[in-house]
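For the sequence shown, counting from 1, position 221 maps to 220 in numbering that gives the first Met the number 0; every step adds exactly one.
Some clues are possibly wrong.
[To be verified] Mimicking DSS-like on lysine-lysine, the simulated pairs with C-alpha atoms at most 30 Å apart in a straight line are:
#1 Lys173 - Lys447
#2 Lys189 - Lys113
#3 Lys189 - Lys173
#4 Lys308 - Lys296
#5 Lys296 - Lys414
#6 Lys314 - Lys296
#7 Lys280 - Lys296
#8 Lys414 - Lys447
#9 Lys314 - Lys414
#10 Lys308 - Lys414
#11 Lys173 - Lys113
#12 Lys414 - Lys280
#13 Lys308 - Lys280
#14 Lys314 - Lys280
[Claimed, not checked] Label pairs and their in silico Cβ distance ranges:
#15 Leu122 - Asp307: 48 to 56 Å
#16 Gln88 - Glu368: 32 to 40 Å
#17 Gly121 - Ile438: 40 to 48 Å
#18 Asp345 - Gln277: 39 to 47 Å
#19 Lys173 - Arg292: 47 to 55 Å
#20 His442 - Pro117: 42 to 50 Å
#21 Asn245 - Glu408: 33 to 41 Å
#22 Gly260 - Leu122: 24 to 32 Å
Derived from the structure by calculation, the hints contain no laboratory data.
No residue lacks a Cβ here, since even glycine has one placed at the ideal position from N, Cα and C.
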Amino acid sequence: MNYILKTGGICCLFVTACNAYLDLKPDGSMAVPENMDDCRALLDDFNTMNMGYPNIGDAASDDYYLQFEDWNALPLEARDNYIWNPQTQHALNQWYSPYKIVYQSNQVLEVLAKNPRPADDGLYLELQGGAHFFRGYALYALASVFAPPYRNQTARTDLGIPLRLTATISEESKRAVVEDTYRQIVSDLKHAAHALPVSVAVRSRPSKGAAWAALARVYLEMGEYDHARAYADSCLDVNGPLLDFNVIDASAPFPFARFNGEVIFHALAIYAPSLTQQVAKIDSSLYAMYDARDLRKRLYFQGNSESDKATYAFKGSYDGSSSLFYGITTSEILLIRAECQARMGDSQAAISDLQTLYRHRFQQDAEPEIATVPEELLRQILTERRKELLFRGRRWSDLRRLNLIPGFETELFRKFDNITYQLLPNDPRYSMLIPNEVIQITHIQQNKR
Numbered sequence: 000m001n002y003i004l005k006t007g008g009i010c011c012l013f014v015t016a017c018n019a020y021l022d023l024k025p026d027g028s029m030a031v032p033e034n035m036d037d038c039r040a041l042l043d044d045f046n047t048m049n050m051g052y053p054n055i056g057d058a059a060s061d062d063y064y065l066q067f068e069d070w071n072a073l074p075l076e077a078r079d080n081y082i083w084n085p086q087t088q089h090a091l092n093q094w095y096s097p098y099k100i101v102y103q104s105n106q107v108l109e110v111l112a113k114n115p116r117p118a119d120d121g122l123y124l125e126l127q128g129g130a131h132f133f134r135g136y137a138l139y140a141l142a143s144v145f146a147p148p149y150r151n152q153t154a155r156t157d158l159g160i161p162l163r164l165t166a167t168i169s170e171e172s173k174r175a176v177v178e179d180t181y182r183q184i185v186s187d188l189k190h191a192a193h194a195l196p197v198s199v200a201v202r203s204r205p206s207k208g209a210a211w212a213a214l215a216r217v218y219l220e221m222g223e224y225d226h227a228r229a230y231a232d233s234c235l236d237v238n239g240p241l242l243d244f245n246v247i248d249a250s251a252p253f254p255f256a257r258f259n260g261e262v263i264f265h266a267l268a269i270y271a272p273s274l275t276q277q278v279a280k281i282d283s284s285l286y287a288m289y290d291a292r293d294l295r296k297r298l299y300f301q302g303n304s305e306s307d308k309a310t311y312a313f314k315g316s317y318d319g320s321s322s323l324f325y326g327i328t329t330s331e332i333l334l335i336r337a338e339c340q341a342r343m344g345d346s347q348a349a350i351s352d353l354q355t356l357y358r359h360r361f362q363q364d365a366e367p368e369i370a371t372v373p374e375e376l377l378r379q380i381l382t383e384r385r386k387e388l389l390f391r392g393r394r395w396s397d398l399r400r401l402n403l404i405p406g407f408e409t410e411l412f413r414k415f416d417n418i419t420y421q422l423l424p425n426d427p428r429y430s431m432l433i434p435n436e437v438i439q440i441t442h443i444q445q446n447k448r
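Work the whole structure out from these sequences, hints included.
Encoded structure:
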């Protein structure tokens, strides 16, 4: 095989020309991929394709808090991000890691384009669909933190992210508008849904259901609830049932196994020093939302040491480790469908989906009350999204999109040493600053402050 994946990942070098491939290029020891074996190796490069997703949104969210001494020991960019400093300089890997996914996806697509196969060639289609999926999934992850939230009124003028659709190093970087950014994301995911198989050997590889799930997620963020519901339906038709939390051992340090039956697609966040179990304390008002009969209260959280009495750490990652799971699960798609049904006036269907969730999350003898008034039902579903999808990269996206809807806005506050920090709804800081090194190299426009 001509393409060599070295242990520890491929080294990336900064380039100094303004037309560089964003901020990185492969080193000279990396041979050019030429065939389908090389393409499979690229897409199966777990450390790149499944572990490079930005977490600075979760790190800025209201699901946790830091004590002053823990905050003060963090790197500068993590401290600034936590208090929403408008000039926060984010670590470069929050940008280049997802763009490295885009780059390798583009390499695969170019190799496949040079080696066409019959339309019914299953491996060829799977590789093609996988490359489109990874590119769309990475572009969406970037847009969710570095571009403004999708607004119909301004999507044609708001700046999105650079859309790198070739592996050409010398191509100039330009920011597309938000509408074109999301159009490309949707296009990639639709190509993936067409080409990918229903089942895959491992859940780190995308499937047809994963593409449908990602489309449901993106359309929800765009406010296109009919499309989001339709893709959620398609996904739930081909994916297995929810995990029954009644049979999971709550005493385990990490109760959920990697690649468990609820995982549709497996991905992980970049390491975040502010989100580790040692320092991140679960927000007390969030912890109080969990009913005593709600099994998530014991499966998601563990009490901290005597010195931090009455505080809790998160242990509920679907990676079976302290790494934060940023993939897609059946429960997320069920909640997307429930929200869309509530917004579209189908309360009974939304209630049915909530009942399904509760049967798998509460003690067997529990019968949680479900609101019947439409707005109360919608708010209950949104509360369940927050409780279910903790530290999966969803809270920041939800804050961004819900802040656009009157009556659903959230003001965020932090307090240290009698200083109160505030993040108001629709503040420009909901679009993170692009790392300074990228601006210097590419000369693309920085986000407004």
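ask   = For which of the previously enumerated hints does the structure constitute a violation, in increasing order of number?
value = Number 16 only.
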